[in-house]
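Number of protein chains: 2
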Amino acid sequence: MTLPTSPVATVGPVKIVGTGLLGTSLGLALRGAGVAVQLTDASPSALALARDLGAGTPAGEEDPEPALVVVATPPDVAAGTVLAQLAAHPAAVVTDVASVKLRVASAVEADGGAAAARYVGSHPMAGRERSGPAAAHGDLFAGRPWVIVPGAHSGDDALVAVRNLAADVGAAPVTLGAEEHDDAVALVSHLPQVAASLVAARLQDAPPDALGLAGQGLRDVTRIAASDPQLWATILAGNAAPVARALRELRDDVDAVLEALETAADAGPSAPGSTGPLARLVADGNAGVSRIPGKHGGPPRRYGAVTVLIPDEPGALGRLFGDVGEAGINIEDLQLEHSAGQKVGLAVVSVVPSAVAPLEKELQERGWHLVVR
Amino acid sequence: MTLPTSPVATVGPVKIVGTGLLGTSLGLALRGAGVAVQLTDASPSALALARDLGAGTPAGEEDPEPALVVVATPPDVAAGTVLAQLAAHPAAVVTDVASVKLRVASAVEADGGAAAARYVGSHPMAGRERSGPAAAHGDLFAGRPWVIVPGAHSGDDALVAVRNLAADVGAAPVTLGAEEHDDAVALVSHLPQVAASLVAARLQDAPPDALGLAGQGLRDVTRIAASDPQLWATILAGNAAPVARALRELRDDVDAVLEALETAADAGPSAPGSTGPLARLVADGNAGVSRIPGKHGGPPRRYGAVTVLIPDEPGALGRLFGDVGEAGINIEDLQLEHSAGQKVGLAVVSVVPSAVAPLEKELQERGWHLVVR
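In order, the protein sequence lines correspond to chains S and W.
Under the UniProt record's numbering, the letters of the first sequence match residues 1 to 373, in that order.
Under the UniProt record's numbering, the letters of the second sequence match residues 1 to 373, in that order.
Hints in this document: simulated from the structure, not taken from any laboratory.
Hints may contain errors.
Stated by the list, open to error - Here's a subset of chain W near chain S, in silico, CB distances under 8 Å, partners left out:
{"no.": "1", "residue": "188"}
{"no.": "2", "residue": "192"}
{"no.": "3", "residue": "193"}
{"no.": "4", "residue": "203"}
{"no.": "5", "residue": "210"}
{"no.": "6", "residue": "223"}
{"no.": "7", "residue": "227"}
{"no.": "8", "residue": "275"}
{"no.": "9", "residue": "279"}
{"no.": "10", "residue": "284"}
{"no.": "11", "residue": "289"}
{"no.": "12", "residue": "315"}
{"no.": "13", "residue": "319"}
{"no.": "14", "residue": "321"}
Just so it is clear, CB atoms sit at the ideal spot from N, CA and C, and this is done for glycine as well.
In isolation and in its complexed conformation, chain S is listed as follows (with noise of 0.2 Å):
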């Protein structure tokens, strides 16, 4: 399966200061490209992986002016770099990749100085809990978005560089402000992490049997609790203000329903300000889960689902694809449910609505055996 290229605008060599996860997998994707990278790190090692992975060649003392620097740090050393790093190199183009922006970029402006003006902030969303070079792939940002932050005196020199660096790695480039991509993170990210800690953080002590009706939902919102907690730790703090806006607003929420059940437990679950409250929560999370947006970015659709019965054995699922791809219809999202105790699983099949009965009809057909809910 080959995948279409364009054109590389990206002009190198391209120096990268970090030779972690991101750092490296920049490094591949811009090798890849046939652009020069130079790399450096604190770690002799891991500058020394990514060299071997074939991300580029450590920095050196002769080589040409990089014509962009990608600080590639972790975030707390972000902005000490990136003003380092204009200062070595009075002509290139600067960015960062830290996932939060406004720290840097109040830095940079604070700096003052015709060097604001070759700075642009990056936040590519791509990686996941895997750290380190090891991990590293050219195809980190493939479809990702790559949100491009420019400073308070950033020139279109610097812009349209960090536009084609993000293009040129495959990633879809969308520009925000610093604060407004600090909040905006803030909610779709750092808030849902939050809250998956806090629904999984109460299973540390719950009673087997309990666990042992885990279902799906409970899957769902806690599947980013696994996440590395010393990088979150550090994330979290250094967005400090907007992850603690948005938690402050959800709490209210939180006080609002504890009122509402504390109503219905001493006055009964019919008692007037008991379910209304609670109604309420749960249709405003509809209208909110509404919202988000659908595949390719476009508006959320609904989809129709077919449920599938689907026998634990390999292949099974092949099988079933297969029909589903000789059918002609494009699944548009995939469930899997686990079950307690049996031998199957259920594939929920998400297609556009049109596709449902015809889908239903191939299927039966073939014979599986559909569970409607």
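Following the hints, position chain W against chain S.
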């Protein structure tokens, strides 16, 4: 594809009171197993629909006495209906399917008398947001837990009858006390629902650009926020005390997180008292989520993941799973990820760890583009 069948132990007739989603599905399952079913419902149209779907026969004056009565009314009238059915059928075992058990169990115990020996509570953990007889299906309970909640005075005959019922409709019986059950569902079902709705509610007024950064984490955490407000208000209010207990503990954790964030916001992210509590939250969440059972109720297992780039065209997933199946490898779990603005998706295929390397090799040989994260 034929599912294995086992002999049916339930002795009919079974009388089902309330032909909504659960009652009608139960009727369909029992009729499929050859058991005689009598139906009643306060709504003549719901009753007629259940009959027409094949769930049983509307109860009449000339009917033989039922051996087993299943109360499948809305939860707020379950207790009263159970008492009425115990009185109306002095030889029958009576069970109910309300998702909260203490209220009903207490009512039966308070009523006193020999009838209590004939009552055992049930909670089939099946069904979805859709309700009503039209959504019913005989396989609703397949592979799902069916909690059996003995009353204080339940006799052995009643316990056996209800366990047989659960097994005959394909469910996995598990026995818990009423308070134990209500605390369990508060923790593993109700609290996650509240958390998902709380996070989703914050999105109502979010700027569109913020929503454009939404990733898989937000989608996972808020998936169940699309639930029915009225239904959930009734469920939460009916289990108010246990849910309030769990939510209060969560709120205490929220306060600790807020304190750490406020320290970080005021004194910087490296200040004492900021990252420590945040790391502890995520670590506690790690511990909690690792206790959720894996497939088939076994201990949690760590799977390896292979991430594959999928072009957005019909049949692509089918080809992928055909290839996985031909490699003889079982797919343990699957997640599809949506990209922002790109016509590709990612399929994250979970397999047992020993299968990761062979699968990667197999897929690469067949031309699939793997992403390492």
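Cross-check of the supplied hints:
1. A least Cβ separation of about 5 Å between residue 188 (chain W) and chain S falls short of the 8 Å threshold, and the interface hint therefore holds.
2. Taking 8 Å as the C-beta cut-off, the interface hint given for residue 192 (chain W) holds, the closest approach to chain S being about 4 Å.
3. Contact between residue 193 (chain W) and chain S, as hinted, is supported at the beta carbon level, the nearest pair being about 7 Å apart and thus within 8 Å.
4. Using the Cβ-Cβ criterion of 8 Å, the hint placing residue 203 (chain W) at the interface with chain S is satisfied: the shortest such distance is roughly 3 Å.
5. Interface hint status for residue 210 (chain W): upheld, as the beta-carbon distance to the closest one in chain S is roughly 4 Å, under 8 Å.
6. The interface hint given for residue 223 (chain W) is met, as the beta carbon of that residue sits about 5 Å from the closest beta carbon of chain S, less than 8 Å.
7. A least Cβ separation of about 6 Å between residue 227 (chain W) and chain S falls short of the 8 Å threshold, and the interface hint therefore holds.
8. The interface hint given for residue 275 (chain W) is met, as the beta carbon of that residue sits about 4 Å from the closest beta carbon of chain S, less than 8 Å.
9. About 4 Å separates the beta-carbon of residue 279 (chain W) from the nearest beta-carbon of chain S, less than 8 Å, and the hint is met.
10. Taking 8 Å as the C-beta cut-off, the interface hint given for residue 284 (chain W) holds, the closest approach to chain S being about 4 Å.
11. Using the Cβ-Cβ criterion of 8 Å, the hint placing residue 289 (chain W) at the interface with chain S is satisfied: the shortest such distance is roughly 4 Å.
12. Proximity of residue 315 (chain W) to chain S holds as hinted, the smallest CB-CB distance being about 3 Å (cut-off 8 Å).
13. Because the beta carbon of residue 319 (chain W) sits about 7 Å from the nearest beta carbon in chain S, less than 8 Å, this interface hint is met.
14. Residue-level restraint check for residue 321 (chain W) holds (minimum Cβ-Cβ distance to chain S is 4 Å; threshold 8 Å).
Going down the numbered hints, you'll see the structure goes against none, and every one checks out.
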